[in-house]
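Chains A and B are the protein sequences, given in the same order.
Per the numbering used here, the very first residue in the first sequence carries number 1; after that it's consecutive.
Per the numbering used here, the very first residue in the second sequence carries number 168; after that it's consecutive.
In case anyone wonders, no lab produced these hints; they're calculated from the structure.
There could be a bad hint or two in this list.
What the hints assert, rightly or not - Pairs of lysine to aspartate or glutamate, DMTMM-like flavour, derived with a Cα cap of 25 angstroms: (1) A/K139 <-> A/E113; (2) A/K123 <-> B/D211; (3) B/K598 <-> A/E113.
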Amino acid sequence: MQLESMYQEIILDHYKNPHGRGLRDPFEAEVHHVNPTCGDEVTLRLHLEGETIADVSYEGMGCSISQASISAMYDLVLGKSVHEALAAGEDFVTLMQAKGDLTVAEKLEDTLEDAVAFAGVSKYPARIKCALMSWMALKDASARALSTQSTPALSATHPTAPTGGTA
Amino acid sequence: MTQTVSRPDGAQQVPLPLDVEAIRADFPILSRTVRDGKKLVYLDSGATSQKPRAVLDAERWFYENVNAAPHRGAHQLAEEATGAYEAARATIGAFIGAPEREIVFTRNTTEAINLVAYALSNAATSKEPEFRTYAVGQGDEIVVTEMEHHANLVPWQQLCERTGATLRWLGLTDDGRLDLSDLATVVNERTKLVAVTQQSNILGTINPLGEIVARAHKVGALVLVDGAQSVPHQRVDVTELGADFLVFSGHKMLGPTGVGVLWGRYDVLDKLPPFLTGGSMIEVVRMEGSTFAAPPQRFEAGVPMSAQVIGLAAAVEYLQALGMDRVEEHEKALTGYALEKLAEIPGVTVIGPPDTVARGGAISFTVEGIHPHDVGQVLDDHGIAVRVGHHCAWPVVRRYGVPATTRATFYVHTGYDDIDALADGIRAAQKFFGTV
Numbered sequence: 001m002q003l004e005s006m007y008q009e010i011i012l013d014h015y016k017n018p019h020g021r022g023l024r025d026p027f028e029a030e031v032h033h034v035n036p037t038c039g040d041e042v043t044l045r046l047h048l049e050g051e052t053i054a055d056v057s058y059e060g061m062g063c064s065i066s067q068a069s070i071s072a073m074y075d076l077v078l079g080k081s082v083h084e085a086l087a088a089g090e091d092f093v094t095l096m097q098a099k100g101d102l103t104v105a106e107k108l109e110d111t112l113e114d115a116v117a118f119a120g121v122s123k124y125p126a127r128i129k130c131a132l133m134s135w136m137a138l139k140d141a142s143a144r145a146l147s148t149q150s151t152p153a154l155s156a157t158h159p160t161a162p163t164g165g166t167a
Numbered sequence: 168m169t170q171t172v173s174r175p176d177g178a179q180q181v182p183l184p185l186d187v188e189a190i191r192a193d194f195p196i197l198s199r200t201v202r203d204g205k206k207l208v209y210l211d212s213g214a215t216s217q218k219p220r221a222v223l224d225a226e227r228w229f230y231e232n233v234n235a236a237p238h239r240g241a242h243q244l245a246e247e248a249t250g251a252y253e254a255a256r257a258t259i260g261a262f263i264g265a266p267e268r269e270i271v272f273t274r275n276t277t278e279a280i281n282l283v284a285y286a287l288s289n290a291a292t293s294k295e296p297e298f299r300t301y302a303v304g305q306g307d308e309i310v311v312t313e314m315e316h317h318a319n320l321v322p323w324q325q326l327c328e329r330t331g332a333t334l335r336w337l338g339l340t341d342d343g344r345l346d347l348s349d350l351a352t353v354v355n356e357r358t359k360l361v362a363v364t365q366q367s368n369i370l371g372t373i374n375p376l377g378e379i380v381a382r383a384h385k386v387g388a389l390v391l392v393d394g395a396q397s398v399p400h401q402r403v404d405v406t407e408l409g410a411d412f413l414v415f416s417g418h419k420m421l422g423p424t425g426v427g428v429l430w431g432r433y434d435v436l437d438k439l440p441p442f443l444t445g446g447s448m449i450e451v452v453r454m455e456g457s458t459f460a461a462p463p464q465r466f467e468a469g470v471p472m473s474a475q476v477i478g479l480a481a482a483v484e485y486l487q488a489l490g491m492d493r494v495e496e497h498e499k500a501l502t503g504y505a506l507e508k509l510a511e512i513p514g515v516t517v518i519g520p521p522d523t524v525a526r527g528g529a530i531s532f533t534v535e536g537i538h539p540h541d542v543g544q545v546l547d548d549h550g551i552a553v554r555v556g557h558h559c560a561w562p563v564v565r566r567y568g569v570p571a572t573t574r575a576t577f578y579v580h581t582g583y584d585d586i587d588a589l590a591d592g593i594r595a596a597q598k599f600f601g602t603v
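So here's chain A without its partners, still in its complex pose (with noise of 0.2 angstroms):
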């Protein structure tokens, strides 16, 4: 059985009773992010205060996976600065690449923190655009919300998903 390494409990508790769901107000930035090729789906609303995200906040559906890995990054990147926030990123887009070499997971245990045990999704390529969703989502809204708080005019828009487009 090798389903333990992919499903930890830490991954299964948080699709369980997850952290911070719910679309909330204020908000400078809402996305709408899809994994086409299976239909996972996150609305995904940013709240700045300055350059710290004061509220992530979410509604989605699909697998355990995509769902845990919303929970965990609203976790991890509350009260951070955006830049901190997509720098957890890009170390997130590296665990996934990791193929399972779980060396790359112990390096990235402290910046990470719950989001390291998704480790075990890496040796599922199929299962990575579901882990990646929330992430993706976020670097979109961030994007957003930063052009907003330089050209206020802007509204909240639902783009083309950078993880396959629309199907």
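Following the hints, position chain B against chain A.
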């Protein structure tokens, strides 16, 4: 050997028409293991089928013995390659009761549908008056159904966008059937073409095409039947079908990838302008313009996928040796057994017809409290290959209010043991995720 015992837990194992063990021996891939030594249980033939040795041998024979570009050159290899390619066309045509001149080779079902969709929009601007016969334009309507695979939906949406025509569709009933109550209004005198699947790739439903074809022809509309999930699994005869086009893919019927078929009634094909243009589809080429060959060559631009066509003919011969009626009966027995086995598992809901009446062997289901991706992952861990997601039929999963499904599909090498493994795997998923 065929199992005849019924187990006391309820699901009935009627004797299977096909000798599963003998057939499995013909498929090299079925002897490999997956995920640390687990026996492969392949329940994803609906996505693509595995290939028997006879198909692989046929492709190898072509490359090792006669490889040349068909319909070009006067050397011996070119003659033999042309002969083999055209003999394959005759074999594949006979399989669906069609003369060879009505068989057009495409890359797959998707390309065959696009060929027709583009021919209908190209018709509007064709210089040849005869090619404008079936032109689609503003005020015209194209009819599809809500259960179509994206391949039989998106090309028609795009045709309507290019031409200003309107797309209409027949809806679905709660038990996974086509809702034909408004057939007479949806298919009307403005309808130019009705595109409908014979067998749903997600629900398993076999559609009552006779009624649809009769209505379409009454109002002068063409009918295109998507046979991607029917031609591999049941006997299909184009004369009985009565439609104008039938499309299917080689790779879903034990054949190679990269070859599909468009069958069209000759008098219709003859009035269609080409889709892809270039070499070997022409009659006369001058710098000022060109004229085109007669069907089927008009629709086969470029050097064709010769080895794949030869491989598909070998697949057809393999299926004919088994007998398509027996293939259909075999899958019907498996479907009935699987529906009973799944019904015994609390929390499992089948999306689609609940019994084997007018139903094929694609069984989509949900497991309460577990996302299909996660069900598929646990099954994979047990060596069981299924499809998860929306199965390229997103409107269908939306219609039934589920985000996605897990789908098991059967074929000639599937036996009761595969279905028992599936049922055990689902129970293991429920145990793993703690839903029971």
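Hint by hint, here is what the structure shows:
1. Straight-line distance between C-alpha atoms of A/K139 and A/E113 comes to about 19 angstroms, which keeps the hinted pair within the 25 angstroms bound.
2. Taking the CA atoms of A/K123 and B/D211, the gap is near 22 angstroms; set against the 25 angstroms cutoff, the hint holds.
3. With a C-alpha separation of about 28 angstroms, the suggested pair B/K598 and A/E113 falls outside the 25 angstroms cut-off, and the hint is violated.
Going through the hint list in order, the structure does not satisfy hint 3, though it satisfies all others.
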